[in-house]
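So the chains spell out like this:
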Amino acid sequence: MALKVLVGCKRVIDYAVKIRIKPDKLGVVTEGVKHSMNPFDEIAVEEAMRMKERKLVNEIIVVSCGPAQAMETIRTALAMGADRGIHVEIPLDQMDTFQPLHVSKVLAKLAEKEKVDIVMLGKLAIDDDSNQTAQMTASLLDWPQGVFASKIDKTDAGLEIIREVDGGLETIRTTLPAVLSADLRLNEPRYATLPNIMKAKKKKVDKMTPADLGVDMAPRIQIVSVEDPPVREAGQTVADVDDLVAKLKEKGFSSA
Amino acid sequence: MRGVPQLLSRAKHIRVGFSASEPVLAIQAGILQPDKFTQTFVQIRGLKSSKVISQAPLTAVDIADSGKQLKQELEAIVGPGNVSSGESVVLQHGQDEGPHPGKSPDIVVFPSSTEEVSEVCKICTRHNVPIIPYGTGTGLEGGISAVEGGVCVNVSKNMNKILQIHQEDFSAVVQPGISREMLNQEVRADGLWFPVDPGADASVCGMCATGASGTNAVRYGTMKENCLNLEVVLADGRIIHTAGIGSRPKKSSAGYNLTSLFLGSEGTLGIITSATVCLHAIPESVAAAVVGFPTVQNAVDTVVMTLQCSVPMARMELLDEVQMKACNEYSGLSYPETPHLFLEFHGSESEVESQTETVRDIAADNEGGEFQWAVQQEDRTKLWTARHRAYYADIALRPGCRSLTTDVCVPVSALPDLVTATKADIAEHGLIGPMVGHVGDGNFHTMLLFDPADPEEFRKCKEVANKMARSAIALGGTCTGEHGVGQGKMALLEEQFGKDGIDVMRKIKGALDPQQLMNPGKIFSRK
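Protein chains in written order, with my numbering: chain R, 1 to 256; chain W, 257 to 783.
Keep in mind that the hints were calculated from the coordinates and are not lab data. This list has only true hints and no planted wrong ones.
Cβ-Cβ distance ranges computed for the label pairs, FRET-style:
id, chain 1, residue 1, chain 2, residue 2, range
1, R, 232, W, 455, 30 to 40 Å
2, W, 686, R, 234, 44 to 54 Å
3, W, 686, R, 232, 42 to 52 Å
All C-beta atoms in this analysis are idealised placements derived from N, C-alpha and C, irrespective of residue type, glycine included.
The task is simple: from the sequences and hints, build the whole structure.
See the structure below:
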C-alpha cells in the first residue's frame, strides 16, 4: 500500500550569510542576498525520497509558499527526486506577515485536496525558528504528529517514530495519516546532480494562491522592531588573580 | 669595500641624503627591525672619488621613522583599520599549521581589491621590504614564515567574493578569501562541485600557490589540472592574467604557459588575487568501500591492477597498520590492524555497481579481507570516518606531540619498496609514524610524531623525512607531491633538479622579482 507524501519546503536566507537589519528596523535585508532551501526541509525531502526508494511511498509532492523565487526551492526539491510541485504564490510585500498559522492552513487544505498520507516538514525554519507549522498543521487536520523525528519506520498499523527530545530519544507509534517534522539527525540529504536538475525542469508545478484554497491571509501579529544583538564590549586584562578578585568585587559579582 | 653592494641589496630601507657642505652622496642603509641595523657607504660609479665621511649606526628614531613612514603609506591605500603590527596579529600571520616555527612579519595589511594589492606592492618595492602573501595559513611547509621580516599581505580577509560561476562551462572565478568548502557550498545547488580536497579548508587561490592536491586527484586531478587562469600581482605592482584577460577556455595554445609557472610558485613570483578554476558534475551515485590486506604490497598490487583495468576510481587511500590502530583507538572502531584500502566510486548507479564488483574481485585475488561497502550518505561517512580523522587520531597516539608530516610521490610501482624501507627506517629511529597514502598517485604521507620539547626527537624525524625524500627522488619521484617546498625542502630541490635546473628557476625569479622581495627564503636560495 504505497503512500503519498506532501513535503513542505521554505526558501530562506542561506545559513552562511551574515544577516543585516534593514534601515527601517522592521526586518532583515533580503534583496540580493543568497537564499537556499531550509536545511531541515532538505532533510524532509531526503527522507521522503528514501521512503520512495524503499517502495513505501509512490508519490512525493513538494509545496512551497512564497514569491516567484520560491520556484527555485521547488526545482531543487524536484531535482532531489520529488515527483511534482505546488507553488502557493504570496506577493513579496506580504511575506513579512505571512506566518506559520497561514502556512499550516494552506498545508492542511492541500493535504486534504491531494489526499496525502503523510505531511513531511522540517522541524523549524532557520529564519524565524518558529517550530510551529508541523504541530499546527496536525492540529488543523486532527492528525497525529511525530515531530523532531530522527528515525521513521513503517509498521503494519502506521508509523514508528524515534523523536529527539531533551532527555534523549522517545519512540512513539502513530496511525496514518500523520504529520511529521524532520530533525537534524534523520539523514544526510543527497546533492542534486546535473542529470536530475535537467529532469526536474520537465516536472509539473501547479500554481495557486491562498485565496484559491480559502485561506485567510490577514496577519495575526505585527512586527514592532528588529534589532541587532548588543555590541560586545571590549574585555579588560587583569594582572593577576588578586586583581581579578578585586575587579569582580568592584563590579558586584562577588560579595565574599 | 667589496662586500658592500651585497649588504646594500639586503638592506630593507635605503635613505639617500646630500651633504650641504660637500658635494657627496651619502647613503644610509637600515633594516626595518630596530635591533638589527647596519650602515654603509658605497662607492658611486661615475664619481671621481668617494670616501667614507662618517660611520654611525642609525638611531632607533631613524628606524622607527622609516617603519612609521611605510605604515602611513600602507594605511593611505588600504585604510588605517587594515594595517596592523600588533603582536598577536603578526604572530598569527607568520605561523602555519606545520611543525616549523614561523617568523612573524613586521606589518600585516588587509587589502580589499586587486588594485589595493598592486599599490601595496609598489610601496613595498619602493621601500625595498619583503612581501609575503597570506591566504588561510593552512600550509604545512612554513611557506608564510617571514624569514626576512616585511609586510604580510593577507588577501583572504577582505577579498572574499566568488566573482563568477559558469554552470554550463564548469568553471568559477574566485578571490583568495574563498575556501574550497565555501566554493562547494555555493555551487552544489547547481549540481556542481570543486573536487580538489587537500584536507584543510584552504583558500582556493592558496591551493593554486602551493599546487595543492588531495584524495580525489586520481580521478579529478590536482590544482594544476583544475586551474584555467590566474590574476597575479607582481612585486612591482603590475597586474597580469596568466591565460589572458578574462580568458577561461578549456584549452589554449596562446603564449607561454604562465598559469603553470605561477601554480606552485608558493608566493615567490607574485600574489594571486583571483583564480579561475574548474568545476565538475556531482556524481549521480557514490559508493564507498573499505578492505584490509595482510601486507602493503598486497594493497598496492590491488591498486595497480585496478588502474590497469581502467576503473575510474575517485579515491584510493592506503592506511597502514599503525594508522589503523590509531583510528581504532580514536574513533572507537574495530578494524583489524593491517594495511587497509579506503575506496570511493563515482558514476551512474550501474557504473558504480560494476566498478565495485571489479575491484572487489581484484582485492580478493590479492588476499583482501572483508570488503565492506556503502551507498547511503551517512553510511559512507561512517566508513570513511577513520580516514577523515586520521591526523587527529595520530596526534592522540601521543597527546601533546606534534607531527612532521612528510609528503613524497613516486611512480606507483616503486611505492611498496619505498613504504617498506621507510617503515624500517621509522622503527630503527624509534619513532611513531603512521602512514596515509593517496596510493592511486603514488603519493604518501607519514605523520612522524615528536615531542615539541625534545629537539633530538625532531632531529630524528627530519632525518627520516630527508632520507625518504632522497629515496623518492632516486626512485624517479619527487620530494614533495602536494605540500610544496616552503623552507624545509630547499636542499632536496637541488638534488631533484640539479644545479642547472635550479639556476633556470633563479633566473625566472630574478626576471620577475629583481629586488628579491616576494616571499624570500622559500623554494630555493638566492645563490
